[in-house]
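Chains as they are written, first to last, in my numbering: chain A, 1043 to 1178; chain W, 5 to 139.
Keep in mind that the hints are not guaranteed to be accurate.
[Said to hold, decoys possible] According to the in silico footprint, chain W covers these stretches of chain A (three or more CB under 8 Å from chain W):
1) 1153-1159
2) 1168-1175
[To be verified] One side of the interface only, derived from the structure: several residues of chain A facing chain W at Cβ under 7 Å:
3) Leu1045
4) Asn1047
5) Ala1052
6) Ala1055
7) Ala1093
8) Gln1102
9) Val1103
10) Ala1104
11) Ile1162
12) Thr1165
[Said to hold, decoys possible] With a straight-line cut-off of 27 Å between C-alpha atoms, the simulated DSS-like cross-links for lysine-lysine are:
13) Lys51/W x Lys116/W
14) Lys1167/A x Lys116/W
15) Lys116/W x Lys8/W
16) Lys116/W x Lys1097/A
17) Lys1172/A x Lys51/W
18) Lys1136/A x Lys1121/A
19) Lys51/W x Lys8/W
20) Lys43/W x Lys1097/A
21) Lys1172/A x Lys8/W
22) Lys1097/A x Lys1172/A
23) Lys1172/A x Lys116/W
24) Lys1167/A x Lys1097/A
25) Lys136/W x Lys8/W
26) Lys43/W x Lys116/W
27) Lys1097/A x Lys51/W
28) Lys1172/A x Lys136/W
These are computed hints drawn from the structure, not numbers from a lab.
In this text the structure is predicted, and so the values were computed from the model without any measurement.
In this text, a Cβ means the ideal position worked out from N, Cα and C, and glycines have one as well.
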Amino acid sequence: MSLSNVFNIAGSAMTAQSMRLNLVASNIANAESSTSSTGEPYRARHAVFTATPVKADVPQVAGVRVTAVEEDTSPFRMKYQPGHPLADENGYVKMSNVNLVEEMADMISASRSYQTNVEIVNTAKTLLQKTLQLGQ
Amino acid sequence: MLNKMSQQLDFLQRSLDLRAARAEVIAGNIANADTPGYKAVDFDFAKALQAQTSQQNGSLGMALTDSRHLNGRGSQAAGGELQYRSAVQRSIDGNSVDMDIERAAYTDNALKYQSTLTFLGRRISGLMDAIKGGQ
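Sequences are here, hints too, so could you generate the full structure?
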């Protein structure tokens, strides 16, 4: 049943995109975190998507999976705030390296992709229902 | 007689199989719209259907030793030869999925799947009419 595979593929994409959306939420929530459990400021996290074949005989037809969550290695943002308890001798505080503009763009991209996959599932569902009614 | 009936439905059935396979391929492309390095694939529907219908008595078929035997064929994996789509606008991460093209292709494919279903439904009701003799 080829059409049932559409559910697997689009479902995998929805899982991956919602995970990406979760990471965006985490990043935005921690955009102003200057310390964390590691003692360092919060580092932005990004999902790594990898295509995973659904059938062994046709490896090109693939769903998607989040295979890793990578931390952003870009330098921390330095904020001048001499009164802050974490300020260094020059009065700068190390802030997280979350780029809010990037995160917003990422969020829109993830939500659009999620919506598209929902539509794909809906269409496939309609097609299967019509197939079931064939000959009646 | 039965053979004739199955011939009537065979073409449309193969066509439906291929449409479903194509839906799967395009869904894969859309799912991987954000995967770095993923290349969009698709197959030529007309060519694939031609190949499927011309292979009707392919190597997997059962031998017909009597004219009353049913035409038993091994089922082949539906789907044509996958080819990479040439990207109109390349993206820097090596992904060649163009969402507009994929969405259009998916909708087009779904519509044609439904048309084939309608054709098949009509053919079935036509055969039913013939069986019932118009009663």
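When the hints from earlier in the document are held up against this structure, which numbers fail?
-> Nothing - there is no hint that the structure violates, so all of them hold.
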